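Undergrad: The chain contents come next:
Protein chains: 2
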Amino acid sequence: MKRYEQFAEEIAALIRSGVLAPGERIPSIRQASRRYGISPSTVFQAYYRLEHRGLIVARARSGYFVREQARRLFAEPGVAAQRADPADVAVSELAFSVLDSLRDSDTVPFGSAFPAPELFPLSHLAGSMTRGLRGLSAEAITTAMTDGHVDLRRQILLRYALNGLSPAPEELVVTHGAMEALNLGLQCVTRPGDLVAVEAPAFYACLQVLERLGLRAVEIPVHPRHGIDLEVLAERLATLPVRACWLMSHLQNPLGASLDDSAKRELYALLKRHQVPLLEDDAYAELHFGARPPRPVKAFDDEGLVMHCGSFSKCLAPGYRIGWMAAGRFAGAVSRLRLMTTISPSVPAQAAIADYLQRGGYDRHLRRLRLALESQQQAMLAAADRHFPADTRITRPAGGYFLWCEFPERVDSLALFRRALKAGVSLAPGPIFSATQGFGHCIRLSYGHPWTARSERAMATLGRLLADF
Amino acid sequence: MKRYEQFAEEIAALIRSGVLAPGERIPSIRQASRRYGISPSTVFQAYYRLEHRGLIVARARSGYFVREQARRLFAEPGVAAQRADPADVAVSELAFSVLDSLRDSDTVPFGSAFPAPELFPLSHLAGSMTRGLRGLSAEAITTAMTDGHVDLRRQILLRYALNGLSPAPEELVVTHGAMEALNLGLQCVTRPGDLVAVEAPAFYACLQVLERLGLRAVEIPVHPRHGIDLEVLAERLATLPVRACWLMSHLQNPLGASLDDSAKRELYALLKRHQVPLLEDDAYAELHFGARPPRPVKAFDDEGLVMHCGSFSKCLAPGYRIGWMAAGRFAGAVSRLRLMTTISPSVPAQAAIADYLQRGGYDRHLRRLRLALESQQQAMLAAADRHFPADTRITRPAGGYFLWCEFPERVDSLALFRRALKAGVSLAPGPIFSATQGFGHCIRLSYGHPWTARSERAMATLGRLLADF
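Protein sequence lines correspond, in order, to chains B and W.
Read in order, the letters of the first sequence are residues 982 to 1450 in the numbering used here.
Read in order, the letters of the second sequence are residues 982 to 1450 in the numbering used here.
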């Protein structure tokens, strides 16, 4: 990371955590240059970037200020209480009623799991599809079905390399989205009845997979900024026969938490000591607001114990259904299982994404997408500030497109979900993120869609419904 | 079916079964017209069609003759012995070593599960992809992910209607190939340890799915022409707690057998009496050599007990991975399970196939494809005639692209598989088609690739290897 990027990240983190409050003046270029021992031009570049991201504003003759959109800084949600007992999972029915609610396009999609399709370069992708299919020989179709599209594999390995990772080409398995990768990986290392360590709160799809495979959840609390509680995890691994661990080390869904490098190293050491395979769900890898993606736990994996799962669904090509897995020592087993269930990811979709990546517009698109998401986050936080009760606690993640809101205990998020839906607003109620249906006073809101007057009205509606509790 | 098509089918069946032998003269137009009470022009149209299909030849001033390509008519393979006990399935390792052998493009692909990609309208499909993506709004992507592409669904329902079936739109689930449909369907109606009635021999992927889900196989013998033995099935259903039945009523893989309508009706009545759901794998529906596709068992389903699975992979769009399921009463459960595992089939692939079907070239392509496969079948049979031992028994299916060869007991098909592979020829050894690794002296050969001098040499190689036993 360049020095100015690093400095911009430091300031952004201070803003997110509230050390620098909305409206507050930040050090002038000269002050910052002196205080941090960096050149004025580096400070200028950093401030320019932060201004571009909408985090600070420059006022003529008075300097730089933290942007005031959200005047109030929300407190951070709490950490879930520990649960000692492994739990059977039964979350599907509830999760499906939420997913069903998203079908109506007239509903404001705060419950959506995907960003708005119009944020993606759909017409460029269509061009890549045309070229990709033109370049695809009949024979290459067969190869792409067994081993994955050659150019796509190279491009995925290249992006790993850019991020300082070098998984062996043999461990890369192209899949039908990250969801398939995670399903196959978990199936490879567990038998029905086994225990799997998961986050609390966790991505509901993870819980659904456990439910489907008859696995039992060992819930580990997640800090809203720092990620999974490693002490609790260590204790559980020491006392319970945990067969696998499924987590998101970066921009965790729903909290947006990320482990730092030292925590990742510690996590890996822990798993290695107990020889517990890790399913690392890194579907939001590219949606960081900072300058560089953090390295995944996979970066510390020297034994092939980590199955690192990525996807183009949330950052480039919704509906194409292309993901992958750097599956370590499990690559052979995962490939075979894939052959038995879905055979191969769609070959045209692989060819289109390969062409798109080769042409080099991906990073430009990602920069635009991240700026859009960051400004949508600010708009949603500002609206929450205007409409939500004063004792609301909200995360402010450094990427992705979800806010996690914690309300006082009197708020029943399932009742809120039903009432909001009736009023034309979807949301994801807390209990679908829990094997034990906890988080009954929390909700996840998506800012993945461009902010409009309708979004603002929807937040006002939620605010009114919240006031009723 | 038109009268001339029906008459052509009758003659084709006599040729396939050997009642009309290679080289034999068939009734003249005048004789046939008198004997069958149909007009001379109808007979002429039928003969014209049979000539076009390469089944008969006209000789000037002497009449019509059964084509001599295969001088000898092979005897039909036998029916598998009955097995009384349900069996655990462990076929995957073997099946995978076969699948692995197909990766080398220098190997003659007699073991392949797919027809040659060059038999498909790839450039027309690419054009449809371009148009399909152009017509796909951002919003339609989201809809296509939850419910399937609207136009594709309509086109699939339309083809059902053309074949006299009318499944309710709600029971149609678009899937990532038929393989996913079958996987999801079986998972919806079973628990690990359950018994499932399957064919012997059966498509190995079916056995792999049973193995993966921890299900036990109840093997039902299949007649090489008439299909599954309903008496044995009835006895098994009466005495064992069978939870589901998986079979191919039409062009069964590997035998090519098809049940006739009365057998299908009887089969359905049997399953209904025991309330056993049927997974009807109809992946070869469009590859019949006759004029019309037969109706599936689904046509008799008045209780939503049949999950009828189809696919475009073997007849139109290899590698696109688009299939479907008319899932009867299980449609809701199947959809939800799909959302938990792969979320959605690839949207661009759906859009491309929808456009292709709407433009109306599908039936023309299918006619060409069927003629190619039928002539490739004749070429392979003729080569078997030249090179295989006299006591070889071979099927002569009325569609698809597989021959099933039964050799004398002294032939070990696994040893043959290994030796052939060393000599550059792949094949599918009998034991991968059996939960109990039976059929040790049988092989499946694919004629799905255009016939060349290399194919002829490969058959000669197999003949030499067979002579060594």
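Keep in mind the hints are simulated off the structure, nothing from the lab.
Heads up, a few of these hints could be off.
Derived contacts from chain B toward chain W, CB cut-off under 8 Å, selection only [as the list claims (entries may be wrong)]:
(1) Ser1082
(2) His1105
(3) Gly1116
(4) Ile1122
(5) Thr1127
(6) Val1131
(7) Leu1320
(8) Gln1359
(9) Ala1363
(10) Leu1446
(11) Phe1450
Keep in mind it's a predicted model, so treat the numbers as computed, not measured.
No residue lacks a Cβ here, since even glycine has one placed at the ideal position from N, Cα and C.
Undergrad: If any of the earlier hints don't hold here, list their numbers in rising order.
TA: The structure conflicts with hints 1, 2, 3, 6, 8, 9, 10, 11, although it agrees with all the remaining ones.
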